[in-house]
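Everything in the sequence shown is counted per full-length UniProt numbering, starting at 1 for the first residue and increasing by one.
Since no wrong hints were added, every one of them can be taken at face value.
For lysine to aspartate or glutamate, the following EDC-like pairs were computed, each having C-alpha atoms within a straight-line distance of at most 20 Å:
#1 Lys109 <-> Asp27
#2 Lys72 <-> Glu46
#3 Lys109 <-> Glu30
By construction, these hints were calculated from the structure, which means they are not laboratory data.
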Amino acid sequence: SFTDRFTRAGERKPSGNHAFDQECQADGIEHRLIKPGRPQTNGMVERFNGRISDVLATRRYTSGEDLEQTLKRYTWLYNHHIPQKALHHQSPIAVMKEWQAKRPELFTKRVVNHTGPDTPAGISSFTSTCLPAGRAQG
Numbered sequence: 001s002f003t004d005r006f007t008r009a010g011e012r013k014p015s016g017n018h019a020f021d022q023e024c025q026a027d028g029i030e031h032r033l034i035k036p037g038r039p040q041t042n043g044m045v046e047r048f049n050g051r052i053s054d055v056l057a058t059r060r061y062t063s064g065e066d067l068e069q070t071l072k073r074y075t076w077l078y079n080h081h082i083p084q085k086a087l088h089h090q091s092p093i094a095v096m097k098e099w100q101a102k103r104p105e106l107f108t109k110r111v112v113n114h115t116g117p118d119t120p121a122g123i124s125s126f127t128s129t130c131l132p133a134g135r136a137q138g
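All chains should be modelled from the sequences, with the hints used to inform the complete structure.
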């Protein structure tokens, strides 16, 4: 449903009354908005959404479960193995582990860097199942 939250007249903080806020609450998701006047943050979100769109366009899915598994694989790959320029060429999980070591009170769960395809060959074979060509860098 349409919201005016993102216009000058709209709410600037999640109120809990909007349908999106209620969905987030039901799923245990903390909903935060970007700071006004910070288009860089919005650009990062749009870039990630574009990557997801590219992943989805690379193949046909036989079922909702197939689609879900592809999204989970890509999200895992993105968080654990794709360095991000905005994070000084580190993966999001590596940065979160650093933040957790410095400010543990900000975290409700322990950040775990699960084992995975951490060799160039392993990453290459993993990315070939869910990434379009040329999109493995952040």
